[in-house]
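**Student:** Chain by chain, the residues:
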Amino acid sequence: NAGVTQTPKFRVLKTGQSMTLLCAQDMNHEYMYWYRQDPGMGLRLIHYSVGEGTTAKGEVPDGYNVSRLKKQNFLLGLESAAPSQTSVYFCASSLGETGTGNYGYTFGSGTRLTVV
Amino acid sequence: GEDVEQSLFLSVREGDSSVINCTYTDSSSTYLYWYKQEPGAGLQLLTYIFSNMDMKQDQRLTVLLNKKDKHLSLRIADTQTGDSAIYFCAESLAGGYQKVTFGIGTKLQVIP
Chain Z
32 NAGVTQTPKF RVLKTGQSMT LLCAQDMNHE YMYWYRQDPG MGLRLIHYSV
82 GEGTTAKGEV PDGYNVSRLK KQNFLLGLES AAPSQTSVYF CASSLGETGT
132 GNYGYTFGSG TRLTVV
Chain U
404 GEDVEQSLFL SVREGDSSVI NCTYTDSSST YLYWYKQEPG AGLQLLTYIF
454 SNMDMKQDQR LTVLLNKKDK HLSLRIADTQ TGDSAIYFCA ESLAGGYQKV
504 TFGIGTKLQV IP
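Sequence order for the protein chains is Z and U. Residue numbers for the first sequence follow our numbering, so the first one is 32 and each next one is one higher. Residue numbers for the second sequence follow our numbering, so the first one is 404 and each next one is one higher.
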């Protein structure tokens, strides 16, 4: 009964370093999402995927890349980290099309990233 | 464009009812949601309502929708200290991939 699992939970990076955040879901959900949460800004969508092998840009995609090679995994990459990317990152998944039994997202517990 | 607005903070005494309010701008929104985020955790879906409904009740939670005024509220009866969290209102359309727009979140503080 894992739901959505994110790794790592915490990370400190130096400016210019790269890293990959991993999201895994065991609910056979088609859609997956990456959000960042910043104080006073709410949740902002970075990238999303509507199925294995597909990705699309959200509201704030710059500086991030994603891949969805397997249906259950959605990876978020930072190629050259910047202090502005200090944030809490959440992965979420949903069954598929909004409606017809798909109501709402299942979120992971988040990755707290600090870039110094 | 879509926008969802919420007040930032609400404080209530344990045992009282809490009412968290939200307004949205997209009159064609089909689904409206309430999520709860406890400290250090992700968002958890509490409940949702279709735009053709006026009210939905689920145990201590009551959602009221005033579609004319684009106003959504979440009432928590007999508020407990475990209800202390940030509550997010969200809205989306139906069909295919539809962007979900989240509010900024209302922090509920329950005073023992």
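Worth flagging that the hints you see were computed from the coordinates, not collected in a lab. It should be emphasised that the depicted structure is a prediction, and the values quoted were computed from it without experimental measurement. A virtual CB, placed ideally from N, CA and C, is assigned to each residue, including glycine. It is possible that some hints are incorrect.
[What the hints assert, rightly or not] Computed, partial: chain Z to chain U, Cβ under 8 Å:
| # | residue |
| --- | --- |
| 1 | Pro114 |
| 2 | Phe121 |
| 3 | Gly135 |
| 4 | Gly139 |
| 5 | Ser140 |
| 6 | Gly141 |
**Student:** The structure should be examined with respect to each hint, and the outcome stated for every one.
**Tutor:** Hint check results:
1. With its C-beta approaching chain U no nearer than about 22 Å, Z/Pro114 sits outside the 8 Å limit, and its interface hint is violated.
2. This hint holds: Z/Phe121 has a C-beta 5 Å from the nearest C-beta of chain U, less than the 8 Å allowed.
3. Checking Z/Gly135 against chain U by beta carbon gives a least distance of about 4 Å; that is within 8 Å, so the hint holds.
4. Interface restraint check: Z/Gly139 against chain U, minimum CB-CB distance 5 Å, threshold 8 Å, status holds.
5. A cut of 8 Å between beta carbons decides the hint on Z/Ser140: the least distance to chain U is about 5 Å, and the hint holds.
6. The interface hint given for Z/Gly141 is met, as the beta carbon of that residue sits about 5 Å from the closest beta carbon of chain U, less than 8 Å.
Hint check: a violation occurs at hint 1 only; the rest are consistent with the structure.
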